[in-house]
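Participant: Taken in sequence, the protein lines are chains A and B. Those letters in the first sequence? Residues 445 to 554, per our numbering, in order. Those letters in the second sequence? Residues 187 to 304, per our numbering, in order.
Just so you know, these hints were derived from the structure itself, not from any lab. Since the model is a prediction, treat every value here as computed from it, not as a measurement. Beta carbons: idealized from backbone N, C-alpha and C, even for Gly. Just so you know, not all the hints are guaranteed correct.
Pair by pair, the computed Cβ-Cβ distance ranges are [claimed, not checked]: (1) Ser193(B) - Thr551(A): 30 to 36 Å; (2) Asp237(B) - Glu459(A): 45 to 51 Å; (3) Asp245(B) - Ala464(A): 25 to 31 Å; (4) Arg553(A) - Glu265(B): 43 to 49 Å; (5) Gly249(B) - Glu447(A): 19 to 25 Å; (6) Thr292(B) - Tyr514(A): 21 to 27 Å.
Computed list of lysine to aspartate or glutamate pairs in DMTMM-like fashion (alpha-carbon distance at most 25 Å, straight line) [what the hints assert, rightly or not]: (7) Lys189(B) - Asp224(B); (8) Lys489(A) - Glu216(B); (9) Lys446(A) - Asp245(B).
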Amino acid sequence: RKEVEQDPGPFNVPEGATVAFNCTYSNSASQSFFWYRQDCRKEPKLLMSVYSSGNEDGRFTAQLNRASQYISLLIRDSKLSDSATYLCVVTLGNDYKLSFGAGTTVTVRA
Amino acid sequence: DVKVTQSSRYLVKRTGEKVFLECVQDMDHENMFWYRQDPGLGLRLIYFSYDVKMKEKGDIPEGYSVSREKKERFSLILESASTNQTSMYLCASSSPAASGYTSTDTQYFGPGTRLTVL
Chain A
445 RKEVEQDPGP FNVPEGATVA FNCTYSNSAS QSFFWYRQDC RKEPKLLMSV YSSGNEDGRF
505 TAQLNRASQY ISLLIRDSKL SDSATYLCVV TLGNDYKLSF GAGTTVTVRA
Chain B
187 DVKVTQSSRY LVKRTGEKVF LECVQDMDHE NMFWYRQDPG LGLRLIYFSY DVKMKEKGDI
247 PEGYSVSREK KERFSLILES ASTNQTSMYL CASSSPAASG YTSTDTQYFG PGTRLTVL
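Please work from the sequences and hints to get the whole structure.
Facilitator: Right under this line is the structure:
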């Protein structure tokens, strides 16, 4: 079983729509959680950390559900520029290692 | 501005060749990482280094080695390239949080090297 699993998508949504997707992780000892964004043919970049209480950054909302071992990302009022692959990242803590999901592709159309 | 650079964007090598991939960061980061990214598999950690001359195996170190002689430079070496090493290779760096050594620091990635082994 993969450590981090994501629905690959693609999620095709119109501008202005809300899109949400999840990521599940297998290790219950996981401590830190992140969403990275990767544009086509570009390197991954940190989008946001995911906190236990949930957190929001503009149009992006991240949630953590430890009991069911998943994190989620919700994008409101989608923009064309939100088209990208979103990578779920999980760490065990003090071991330098990040475990990446394979990514969820979102395409926002005009 | 944060900067991680990789020596080549595209490389084509032949089976059996020795391949060097170079990564340089200008942020004075202690930690550096090499990943490969393949469709459907995500990023997989090959090796990482948390200090000069220090290295640790990641999840898929077989067929690779690394070198870190200077803090800013981390090299990935394919001793004898094989076709199953055709992939996108990404270098990243990070700095330990002030509270201690942790992997939760933001990793900054280079643009990647797309390696094709024929």
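Participant: Look at each hint and say if it fits the structure.
Facilitator: Status of the hints after comparison with the structure:
no.: 1; hint: Ser193(B) - Thr551(A): 30 to 36 Å; result: holds (32 Å)
no.: 2; hint: Asp237(B) - Glu459(A): 45 to 51 Å; result: holds (47 Å)
no.: 3; hint: Asp245(B) - Ala464(A): 25 to 31 Å; result: holds (29 Å)
no.: 4; hint: Arg553(A) - Glu265(B): 43 to 49 Å; result: holds (46 Å)
no.: 5; hint: Gly249(B) - Glu447(A): 19 to 25 Å; result: holds (22 Å)
no.: 6; hint: Thr292(B) - Tyr514(A): 21 to 27 Å; result: holds (22 Å)
no.: 7; hint: Lys189(B) - Asp224(B); result: holds (24 Å)
no.: 8; hint: Lys489(A) - Glu216(B); result: holds (19 Å)
no.: 9; hint: Lys446(A) - Asp245(B); result: holds (12 Å)
The structure meets every hint from the earlier list without exception.
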